[in-house]
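Protein chains in written order, with my numbering: chain A, -4 to 95; chain B, 33 to 489; chain C, 390 to 530; chain D, 30 to 228.
In case anyone wonders, no lab produced these hints; they're calculated from the structure. You can trust all of the hints, since none of them are fake.
Restricting the straight-line Cα-Cα distance to at most 30 Å, the calculated cross-link-like pairs of lysine-lysine (DSS-like) are:
| hint | chain 1 | residue 1 | chain 2 | residue 2 |
| --- | --- | --- | --- | --- |
| 1 | C | 396 | B | 322 |
| 2 | B | 222 | C | 424 |
| 3 | B | 487 | B | 405 |
| 4 | C | 472 | B | 222 |
| 5 | C | 396 | B | 189 |
| 6 | C | 427 | B | 222 |
| 7 | A | 43 | D | 149 |
| 8 | B | 253 | B | 322 |
| 9 | C | 514 | B | 147 |
| 10 | C | 424 | D | 149 |
| 11 | C | 396 | B | 253 |
| 12 | D | 149 | B | 222 |
| 13 | B | 147 | C | 480 |
| 14 | B | 192 | C | 396 |
Small disclaimer: the values here were computed from a predicted structure and weren't measured.
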Amino acid sequence: MDHTFPTGLYHPLIMNKPINHFSTRIWLVLIMLTMLTFAIGEEVAQGKAVMLSVLAIAFIKGQLIANYFMGLRYVSWLWRGIIMGYFVVVGGMVAIAYLL
Amino acid sequence: MQYQSQAVAKPYFIAAIALFLGQIIFGLIMGMQYVVGDFLFPAIPFNVARMVHTNLLIVWLLFGFMGATYYLIPEESETELFSPKLAIITFWVFLAAGAATVLGYLLVPYASLAKLTGNDLLATMGREFLEQPLPTKVGIVLVVLSFIFNVIMTMLKGRKTAISLVLVLGLVGLAVFFLFSFYNPHNLVKDKYYWWWVVHLWVEGVWELILGAILAFVLIKVTGVDREVVEKWLYVIITMTLITGIIGTGHHYYWIGAPAYWQVWGSVFSALEPIPFFMLTIFAFNMVNKRRREHPNQAAVLWALGTGVMSFLGAGVWGFMHTLAPVNYYTHGTQLTAAHGHMAFYGAYAMVVLTIISYAMPILRGRAANSNKAQVVEMWSFWLMTVAMVFITLFLTAAGVLQTWLQRISTTPMSFMATQDSVAIFYWMREVAGVVFLIGLITYITSFFIKGETKAS
Amino acid sequence: MATRFTKSMARNIFMGGSLFFFLLFLALTFDTNQKLPKRDNSQNLTASVIHGKKLWETNNCIGCHTLLGEGAYFAPELGNVYKRRGPDFIKAWIKGQPTGIPGRRQMPQFNFTDKELDDLVDFLKYTSEINTNNWPPNIEG
Amino acid sequence: MNTNAALMNEDGVLPAEDLPGDFAIWIFILAEMLVFGVMFIVYAFARAHQLEVFNASQLTLNRGLGTLNTIILITSSYFVVRSVAAIKVNDARQSARWLLGAMALGAMFIVVKLWEFNEKFSAGITLETNDFYMYYLTLTSFHLMHVLMGMIILGCIVFKLRNGDYTAAEHFGVETGASFWHMVDLLWIILFPLVYIIH
Chain A
-4 MDHTFPTGLY
6 HPLIMNKPIN
16 HFSTRIWLVL
26 IMLTMLTFAI
36 GEEVAQGKAV
46 MLSVLAIAFI
56 KGQLIANYFM
66 GLRYVSWLWR
76 GIIMGYFVVV
86 GGMVAIAYLL
Chain B
33 MQYQSQAVAK
43 PYFIAAIALF
53 LGQIIFGLIM
63 GMQYVVGDFL
73 FPAIPFNVAR
83 MVHTNLLIVW
93 LLFGFMGATY
103 YLIPEESETE
113 LFSPKLAIIT
123 FWVFLAAGAA
133 TVLGYLLVPY
143 ASLAKLTGND
153 LLATMGREFL
163 EQPLPTKVGI
173 VLVVLSFIFN
183 VIMTMLKGRK
193 TAISLVLVLG
203 LVGLAVFFLF
213 SFYNPHNLVK
223 DKYYWWWVVH
233 LWVEGVWELI
243 LGAILAFVLI
253 KVTGVDREVV
263 EKWLYVIITM
273 TLITGIIGTG
283 HHYYWIGAPA
293 YWQVWGSVFS
303 ALEPIPFFML
313 TIFAFNMVNK
323 RRREHPNQAA
333 VLWALGTGVM
343 SFLGAGVWGF
353 MHTLAPVNYY
363 THGTQLTAAH
373 GHMAFYGAYA
383 MVVLTIISYA
393 MPILRGRAAN
403 SNKAQVVEMW
413 SFWLMTVAMV
423 FITLFLTAAG
433 VLQTWLQRIS
443 TTPMSFMATQ
453 DSVAIFYWMR
463 EVAGVVFLIG
473 LITYITSFFI
483 KGETKAS
Chain C
390 MATRFTKSMA
400 RNIFMGGSLF
410 FFLLFLALTF
420 DTNQKLPKRD
430 NSQNLTASVI
440 HGKKLWETNN
450 CIGCHTLLGE
460 GAYFAPELGN
470 VYKRRGPDFI
480 KAWIKGQPTG
490 IPGRRQMPQF
500 NFTDKELDDL
510 VDFLKYTSEI
520 NTNNWPPNIE
530 G
Chain D
30 MNTNAALMNE
40 DGVLPAEDLP
50 GDFAIWIFIL
60 AEMLVFGVMF
70 IVYAFARAHQ
80 LEVFNASQLT
90 LNRGLGTLNT
100 IILITSSYFV
110 VRSVAAIKVN
120 DARQSARWLL
130 GAMALGAMFI
140 VVKLWEFNEK
150 FSAGITLETN
160 DFYMYYLTLT
170 SFHLMHVLMG
180 MIILGCIVFK
190 LRNGDYTAAE
200 HFGVETGASF
210 WHMVDLLWII
220 LFPLVYIIH
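Produce the entire structure from the sequences given, and follow the hints as far as they go.
And the structure:
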């Protein structure tokens, strides 16, 4: 299959440190969200609000990984939609099972 | 035909169709026995008719697969077959072994057959679908080994394509998993556990590789679509097949004594088994829509598309219907299983063999395609058989649902035989549909004898 | 530009993915084999049960009946027949075949000796004591 | 080629790109996600049937180790991002180093997980103990096998990087493997709160 490489690949920005700092920032956010989930778990708090907020955190983390780690941010909306839809459907079904 | 040695496929195809006819006749006998219990008793008891019915199915499909392989491997490898002579010898050995086995079933009481054929040395007989006497089983192994040897030697000296690689993987898997038919532990649970390694890993595993390869080959030929495109989709589809199908074996382990966690593994993976079949259907239609040529053999195109649709319905949808453990708890071992089995085997394997026969047979007989007249008759046979099979499946499904209700779910469950009497009407209707199927098959065979104007290949 | 989709990658994923799931299947099989002794009633595999199983096979009982739901669907489930009917009924039934009632499904006469009948019943008793996760749903099988 | 592009871009000037890695791995990723997704849903509904059993057993899990593993896996994913970034500027050596780091983290994940399993096994817990432990062990060990598979894939890529098979212009395989590794991370992101936290 014929394939060309984007000129953006050699974009001078890529050579710059700040790019990596950006993924580092995402990483930091993910770690903080993980700690938050852990803290909620240690509180042994029960209830719908807790359950929903933990799921919401998972959703955010999933989006961050999909968009910035997997690199779907600038890919066709279809793929982002699939991943987001996946989180919505699975998370939604889980929520339904817990709320029932 | 591009290579002289492809001609060895012809006797294989003819034998396949002849045995197919036999299978259907015995199917009709069994269908009759379902409603008129003492029909042909004691000449042909039900269990004998069933052995013949199912064993003929397996044997004719194997003949079909072998014929298909002998036809497509030289063309894919772009070289003559390693040994056409060996192919002919194995043909006659296999045919003789098959015929002797069927005659044995029909003429000798099964227990005597077991004694005569050395079942005391190594007890392998008397398990569903693996009823063959020991010498036949050994014969199958030898035939398949010589066949695979022949095919691999051919491939080694020629071009290696994805299609032939997948086909050979499927055939090797077929041989390897058949070896479990020799393992028959006293422990019934283990016996059943590994019995499925033959049965399930064949039909929901390696046979699907063979199916995919044959279908991909025919699609390339009749549509002229780029090989590269077809082959990478072939890989994707069979990947899906194996990742769902292998662990999907678990849907047979719910109630035979295996641990309860199989209900989760089996349900989850087998619930996804329709996906590869769905992809196969989409793929087949896509390829035909994107065709770059109008192949004169439209009957073959019809069979190819039919394989996609019917395998999706039979194996995919009808399989899914009762594959989840909570559902299967009630439907396990009812007519629903029979309904699924009929449409899946017809839709996936019978039809793919008929597809390659439809495509290859005219070429083997020296023309690109049959005359228009012959093709019209063949298409009629396609619709007759396919529609008849849909109705067989629907009637068996109705019988199965009612049976499940009366015998399993109801708070006052009826006995097995009382239930059978209550659903007899559906068995009658199934038998009628079966007769239509036979008419379709006879029409199919007739189409081979219809002359008319044809183009040279 | 188009998304790349190469045959070699598709092949690698096929090989790797299939191997992975096959290994997983083997691992589950290994675990199943470890767990089976607690479930499969194999402590009761006496010589007579083993002989009974052989009789079951060499007379092709599975050609009409189901056993734990597997087999032909022409005649009743026998995995729990021991619990449904008891030993004496089973023996008397086998001896009394075929019924010869016109139009009814017929079971052949196998001419078993009394010892053979005992062995068959032992096999069916052993089968009925396998832990099948409570299948069948009721005694009718 | 887009992981980095995505990262660098905060002003959205780049046009839509193609998928990072081969289309075939994405089909595979979707299939895997589907399998896990169905299992997650099955778990949630099975729990609804046996609330007490699930809630009681869930509290015995070691949430600290679960969190540690989450951090390990997220960090390994980050390393993989850095590896892809490195090969895009043609630094195969650095790219391989990041991947080796990710693999080391993967190994740590496995060690922590086995430690956790060992805790449970020595407490006499098996697949058969109750439905919660059955799901817990099934889901986590199934995921664990994916970590292992991911490590093998990363190992192959390291081998090829060292061989000089990948460059800034041709690093398709690196992205393909990276996408798979991120998926393993992504699934854990759901699995961890679902099995360890939410009750």
